[in-house]
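S.K.: Residue numbers (my numbering), protein chains in the order written: chain A, 207 to 459; chain B, 207 to 459.
Think of the hints as simulated: they come from the structure by calculation, not from any bench. Don't take each hint at face value.
Since the list can't tell identical chains apart, any single copy or any two copies may satisfy a pair.
Listed below are the simulated DSS-like cross-link pairs for lysine-lysine, each with C-alpha atoms no more than 30 angstroms apart in a straight line [stated by the list, open to error]:
no.: 1; residue 1: LYS340; residue 2: LYS212
no.: 2; residue 1: LYS212; residue 2: LYS259
no.: 3; residue 1: LYS259; residue 2: LYS340
If you want the building blocks of each chain, they are given just below.
There are 2 protein chains.
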Amino acid sequence: MPVLGKVYLIGAGPGAQDLITLRGARLLAQADIVLHDALVTPEMLELCPQAEKIPVGKRSGQRSVAQQVINQQLVDAAQRAALVVRLKGGDPMIFGRADEELRALEEAGIEVEVVPGVTTALAASAATKQPLTKRGIARSVAFFTSSTAPEHSDHDAIPETDTLIQYMGGREAIATAERLLRHGHQPDTPVVVIENVSRADQMVHRMTIAQLSQGLGTPHGPVLVMIGEAMRSREHQRFDTEISGTIATQLRA
Amino acid sequence: MPVLGKVYLIGAGPGAQDLITLRGARLLAQADIVLHDALVTPEMLELCPQAEKIPVGKRSGQRSVAQQVINQQLVDAAQRAALVVRLKGGDPMIFGRADEELRALEEAGIEVEVVPGVTTALAASAATKQPLTKRGIARSVAFFTSSTAPEHSDHDAIPETDTLIQYMGGREAIATAERLLRHGHQPDTPVVVIENVSRADQMVHRMTIAQLSQGLGTPHGPVLVMIGEAMRSREHQRFDTEISGTIATQLRA
Chain A
207 MPVLGKVYLI
217 GAGPGAQDLI
227 TLRGARLLAQ
237 ADIVLHDALV
247 TPEMLELCPQ
257 AEKIPVGKRS
267 GQRSVAQQVI
277 NQQLVDAAQR
287 AALVVRLKGG
297 DPMIFGRADE
307 ELRALEEAGI
317 EVEVVPGVTT
327 ALAASAATKQ
337 PLTKRGIARS
347 VAFFTSSTAP
357 EHSDHDAIPE
367 TDTLIQYMGG
377 REAIATAERL
387 LRHGHQPDTP
397 VVVIENVSRA
407 DQMVHRMTIA
417 QLSQGLGTPH
427 GPVLVMIGEA
437 MRSREHQRFD
447 TEISGTIATQ
457 LRA
Chain B
207 MPVLGKVYLI
217 GAGPGAQDLI
227 TLRGARLLAQ
237 ADIVLHDALV
247 TPEMLELCPQ
257 AEKIPVGKRS
267 GQRSVAQQVI
277 NQQLVDAAQR
287 AALVVRLKGG
297 DPMIFGRADE
307 ELRALEEAGI
317 EVEVVPGVTT
327 ALAASAATKQ
337 PLTKRGIARS
347 VAFFTSSTAP
357 EHSDHDAIPE
367 TDTLIQYMGG
377 REAIATAERL
387 LRHGHQPDTP
397 VVVIENVSRA
407 DQMVHRMTIA
417 QLSQGLGTPH
427 GPVLVMIGEA
437 MRSREHQRFD
447 TEISGTIATQ
457 LRA
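One chain only, chain A, in its complex shape (with noise of 0.2 angstroms):
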């Protein structure tokens, strides 16, 4: 039996190479093999150039390691490397099949450490100075995915949040916005949509809930929907640091 190594499960953040943490960083520097994600960017991977690099990816609508593979690619990395990362977009345990991966790994009785990174809705949060909560406005958020199984494309629950964050909120933030509305939602309750947050192909919609029901352009990677009052602009807010021209009437399918 081989001597094992230790498994480092590190978010990388939205996808800029300075938004991974110190150690996030220090650790990528040291690696000896770094499994990494369809979303994790090439600039991310200048950060261990040393490491072997194994491309793990999940691309929705493109072909993917089934994650049983990914699993077993883990464990054994682990057996043959002494500092194995496994690096995810954002933050590794929101959306990261990390239970799945941390299962495996403690089977095969490997040591384990999570790394914390940027969630994609602070990034978008930050990106387009929305706070999500608001004094007096918004003091809950909701983070959540739909699943686009049939049996679940009509009756999931949208939380009752003051703030909603949709991740992976292409087609699926339209069915959103269509029951919000049904439930009494404000037609004009003001929607952020931001692709490719933190890269150089950001790009920022702003809508309401009303547009965002008509439909949503084909996002070109993606997509996260901000939903509620705390996305309304403020009287002095400058929009000059967003990439995006594009107004909602143009986002209509």
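Take the given structure of chain A and dock chain B to it, following the hints.
M.R.: Same frame as chain A, now just chain B:
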């Protein structure tokens, strides 16, 4: 009128010096003035030895600077220095009063940028190795806080997500547990309580909703409470990195 500087709202993360982002650390090292919360750790301030440091602490139960005063201090700082950092524990955009500070700065015509951070919930999830979402078990997460105002104390809605994260959740979490039991949640639903996440004095307490409703000892620092099936321990999970040896019964008030 003096030349106006730029203000960066930066998330320091949970406390450990190496859990700030690379971008946050670089800006801290360049800052002329750093206005920081009481939740920002001394080791974090070691990243900006050159800066004038202004404590504007908010700590529950202790005297703190009023928000309007902080807003004015930020504007004043930007009128006498080029690079001003407003450093907040966790992430600035969730439960961080960022809206008020952004408004004050924008109204004064001062440029602002937000640098996201690792929010406490994700640091807690990493430290305890309990993912907030789990395939087939937990697909949604809510972050919330309870007002201590009497008019809110009893009929605050608890979000109906699979995983519940209560920030600043010391005594408030007991009321949450009571309400969850009244609403028919299983008494053995697992709970993880964590104090001083990522710091040397981190404490982790594992219990059930029923136990939490019985009380919680006097916490020594910021407390985060995580509730839901996602908090259930795994079969081969190790707890050797958890500093806490405290058992739930010792925590009862």
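S.K.: Each of the hints needs a verdict: does it hold here or not?
M.R.: Hint check:
1. In this homomeric assembly, LYS340 and LYS212 come within 30 angstroms of each other (Cα to Cα) only across copies, at 23 angstroms, whereas the closest approach inside a single copy is 41 angstroms.
2. Taking CA atoms no more than 30 angstroms apart as the test, LYS212 paired with LYS259 passes inside one copy only; the shortest distance there is 16 angstroms, against 39 angstroms between copies.
3. In this homomeric assembly, LYS259 and LYS340 come within 30 angstroms of each other (Cα to Cα) only across copies, at 26 angstroms, whereas the closest approach inside a single copy is 42 angstroms.
Taken one by one, the earlier hints all hold for this structure without exception.
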